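As given, the protein sequences belong to chains A and B, one line each in that order.
Those letters in the first sequence? Residues 1 to 404, by our numbering.
Those letters in the second sequence? Residues 405 to 840, by our numbering.
The hints are simulated quantities; they were obtained by calculation from the structure and are not laboratory data.
You may find that some hints are simply not true.
[To be verified] Where chain B lies over chain A, by a calculated footprint (3+ residues, C-beta under 8 Å):
{"hint": "1", "stretch": "18–25"}
{"hint": "2", "stretch": "285–293"}
[As the list claims (entries may be wrong)] Beta-carbon label-pair distances, calculated as ranges:
{"hint": "3", "chain 1": "A", "residue 1": "Arg-239", "chain 2": "B", "residue 2": "Ala-573", "range": "43 to 49 Å"}
{"hint": "4", "chain 1": "B", "residue 1": "Ser-579", "chain 2": "A", "residue 2": "Leu-111", "range": "34 to 40 Å"}
{"hint": "5", "chain 1": "A", "residue 1": "Ala-275", "chain 2": "B", "residue 2": "Arg-756", "range": "54 to 60 Å"}
{"hint": "6", "chain 1": "A", "residue 1": "Leu-359", "chain 2": "B", "residue 2": "Arg-789", "range": "28 to 34 Å"}
{"hint": "7", "chain 1": "A", "residue 1": "Glu-148", "chain 2": "B", "residue 2": "Thr-488", "range": "52 to 58 Å"}
{"hint": "8", "chain 1": "B", "residue 1": "His-800", "chain 2": "A", "residue 2": "Pro-364", "range": "33 to 39 Å"}
Keep in mind that this is a model prediction, so the values were computed, not measured.
Heads up, the beta-carbon is just placed ideally off N, CA and C, and yes, glycines get one too.
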Amino acid sequence: MRLDIAPILSALRRHRITSTLLVLQIALTCAIVCNAVFLVSDRLHWMHTPSGIDEDRIAAIRLSVPGKGVDIHSRAETDLATLRALPGVEAASTINSLPFSGRSWTTGIRLDLSEKVPRADMAQYYGENAGQLLGAKLQEGRWIRPDEYAWIDDVATKRVASPHVLMLTEPAARRLFPGKSAVGQVIYMGDEGYRVVGVVRWLASAEGNRQTIGEAILTPFRMVPTYGAGYVIRTAPGRAGEVLAAAAAALKKVDPRRVVTEKTTFAEIRSDFFASDRALAAMLTGACLVLLAITALGIVGLASFWVAQRRRQIGVRRALGATRGDVLRYFQTENFLLATMGIALGMVLAYAMNIMLMLHYEVPRLPWGYLPVAALTLWLLGQAAVLAPALRAAAVPPVEATRG
Amino acid sequence: MGTEFSYYLEMAVRSLRRNPVLTALMVVAIALGIGACMTTLTALHVLDGDPLPGRSGSIYMPRIEPRASDASNEVLRPDQLTWTDGMALLHAARATHQALMVGGEATIRPGDPGVDPFIMPARFTSADFFPMFGAPFQFGQGWSAADDEGRAHVAVISDALNARLFGGANSVGRSIQVNDTSLRIIGVLAPWRPVPHFYDLNTGAYASPEDIYLPLTTARATQLPRAGGIQCWSTGSTEEALMESAPCAWLQFWVQLDSADAVKAYLAYLNDYVHVQHASGRFELLKPAELTSVKGLLDEKQVVPGDVRLQFWLASAFFVVCLVNTVGLMLAKFLRRAGELGVRRALGASRRHIFAQLLVEAAIVGLAGGVVGLGLAWAGLGLVRLNPNRSAQLAHMDISMLLTTFVLSVVAASLAGLFPAWRACQVPPGLHLKSQ
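Construct the complete structure from the given sequences, taking the supplied hints into account.
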């Protein structure tokens with residue numbers, strides 16, 4: 001029994017429908033698995049978006065706002081002094097949002113007051129020394145100086161003039177001032193012009209998609225919790241969790257009537273933000289494994305059927321001198337041929353499916369690299385699945401030729 | 405026909421028992437497909453749900469463009485109102501019901517000094533909130549328009565808060581300490597959860613309903629903290645003391661309009677209002693008013709997450725693979741019995757009989773697949789609920805999904821069996837007799 005492909009093909013032609021179904025199944029599996037694995041890797045990539053900050057050193061606390069008649073500035077300063085005095089706390093500030101926290105504050109940006117429509121909506125970081133405290137890296141220019149910060153409520157109620165400086169992240173700078181340095185340029189938030197004094201390399205915003213997540217503005221405002229900000233502390237590396245509990249307790253001691261509404265480490269914030277992506281990735285991975293298992297089961301089922309159908313024929317071949325190895329190889333080659341047809345069709349389907357996903361969802365183009373991996377997987381899966389029925393076929397004794 | 409069917413049934417069960425491996429493969433294939441499909445369908449069904457079944461069709465959100473022409477933020481169709489406009493529309497009372505509202509936070513101080521105060525989501529609204537949205541009362545009732553005007557210190561609390569504070573007893577008439585204010589409880593809601601949280605998507609599309617409701621006027625007078633979205637323009641700032649005069653939209657306003665004529669009349673009224681405001685110089689942009697339905701708003705805000713739809717499409721593709729697989733396996737199974745079927749044909753069974761018998765067999769496989777698939781879907785939903793996202797927490801199977809699972813499973817298996825059964829019927833009666 002030679003490993004001739006022609007006789008195998010002619011045998012397959014005799015059960016054309018079952019073979020076609022198997023090819024179709026392998027093709028669909030190939031297409032779905034390619035796309036699903038691609039979506040998973042795409043999500044994993046997104047989940048690893050850098051924040052640009054010292055993630056293992058940051059924790060945040062939010063409190064209910066104090067009752068009436070409390071001086072919000074001195075209260076904020078007392079709180080911050082309390083936090084800074086705690087062992088393990090290296091720095092503390094009041095910041096409106098953190099990367100990936102979902103609490104996004106955005107403002108329309110104009111480069112000229114004559115622009116009717118703002119050219120971008122950008123995320124804002126409010127809070128004294130927010131960039132340094134979080135651990136963002138300065139790329140160009142300088143940080144906002146301590147004397148340039150003003151209390152947000154004073155500015156909002158026009159008790160003091162707005163300090164007209166700000167910083168941009170590098171992606172924001174590149175979008176607003178492509179091809180030139182942003183430092184020294186002026187941008188407008190509302191009717192107020194602000195001069196860019198520095199650019200930080202990367203600081204992810206609280207919310208956004210892949211294109212906009214890195215675009216943010218650091219403003220020269222000192223925040224107070226009544227304006228919706230929380231306290232953020234910086235600790236030694238890896239100690240954010242343990243210091244956090246003490247910090248929350250200390251703040252509560254300042255005014256026991258306040259309630260801690262949120263107490264999180266940055267690790268938890270990141271984990272929450274990407275929770276649904278993680279869930280989707282897990283779901284798709286599970287679905288792929290199940291799908292491969294079903295296809296393997298289908299191959300086992302059909303191969304068993306073919307072996308059972310051809311027992312007498314196999315017996316005849318064996319009586320005519322075919323070895324067990326020949327019979328085994330026959331079924332393995334048959335499966336290889338079917339898998340190859342399925343994979344070829346599957347690649348076309350995979351691209352069709354990818355185009356459909358690209359049209360309806362924010363899915364990028366499927367890279368070629370997935371196809372050889374999917375092909376190899378399906379070939380191996382087919383060979384493994386067909387092994388048991390093929391061994392059963394190889395075990396058919398030559399004497400079977402005389403039966404029936 | 406009855407005896408014929410039970411005969412098919414018997415034959416089918418016997419034949420399914422004869423090669424249990426193939427049968428098991430088919431059942432597992434269908435079950436996995438059904439399980440994956442139903443898991444995602446259920447998630448979608450829950451998330452895409454109608455928040456107020458039977459009622460949402462007559463609930464609308466009036467939208468007007470209150471901004472000055474120097475609006476720096478070109479967001480069209482604002483979905484909130486300013487205090488000035490909200491109060492004007494509320495007092496005009498041109499709809500069957502209307503309610504002006506905003507979300508908030510209530511720090512509740514239990515009577516027991518040993519128990520820490522806790523924060524609950526609150527809704528500051530007006531009297532019609534309860535009748536308009538059909539919020540069910542367990543004890544007591546909502547407040548009246550007079551309470552709104554008088555800034556009465558009254559509150560309606562949720563079933564959950566009532567359980568937490570009063571052990572579930574009728575607490576109407578008792579008082580509750582919220583921030584620095586004492587409120588008299590006048591009503592306790594029965595468990596109620598409109599999903600999605602359509603009336604204020606700013607506080608989370610799948611947010612739980614609030615635990616304490618009180619008049620908006622009272623909340624403002626006692627300076628309870630607000631929560632939710634806010635859009636400002638011109639000189640608007642979020643300075644709390646100025647919120648009622650600031651050019652900021654921060655209130656949700658909903659109306660109930662019971663007929664197409666009422667909708668038309670209300671829209672005309674809204675446009676009149678816009679024209680008057682524009683003529684007086686308050687509104688600089690003259691944009692026509694709109695009435696957005698509940699469904700319209702959910703579609704516009706794309707409340708159903710794209711991931712859920714993506715999962716649904718993948719699960720459907722998955723189901724197709726399972727079906728193709730089942731067709732192949734059934735074909736293998738039916739053709740393997742060519743000999744037996746040939747004999748039966750030779751003995752006088754008509755093609756129709758054989759066909760019916762094989763289809764019954766396929767349906768049984770589908771039923772078994774449905775049972776196993778239901779278990780898988782149940783487990784799958786358990787996994788979905790591990791997702792800390794709020795929307796995922798709602799994924800539970802209900803009766804309609806349970807029935808759909810079975811119907812889908814049996815129909816799918818029968819469809820998968822159609823072609824193999826037809827093929828098997830083509831076996832000529834004589835041929836296999838000879839070869840035996």
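Each hint tested on the structure:
1. For the stretch 18–25 of chain A, the assignment as covered by chain B holds, since 5 residues bring a beta-carbon within under 8 Å of that chain's beta-carbons and 3 suffice.
2. Residues of the stretch 285–293 of chain A lying with their CB closer than 8 Å to a CB of chain B number 5, which satisfies the three-residue condition for coverage.
3. The hint said 43 to 49 Å for the Cβ distance between Arg-239(A) and Ala-573(B), and at roughly 46 Å that hint holds.
4. In this structure, Ser-579(B) and Leu-111(A) break the distance hint of 34 to 40 Å, their C-beta atoms being roughly 56 Å apart.
5. The hint said 54 to 60 Å for the Cβ distance between Ala-275(A) and Arg-756(B), and at roughly 56 Å that hint holds.
6. Taking the beta carbon of each, Leu-359(A) and Arg-789(B) are about 31 Å apart, inside 28 to 34 Å as hinted.
7. Checked against the hint of 52 to 58 Å, the C-beta distance between Glu-148(A) and Thr-488(B) comes to roughly 36 Å, which is inconsistent with it.
8. The hinted range of 33 to 39 Å is satisfied by His-800(B) and Pro-364(A), whose Cβ atoms lie roughly 34 Å apart.
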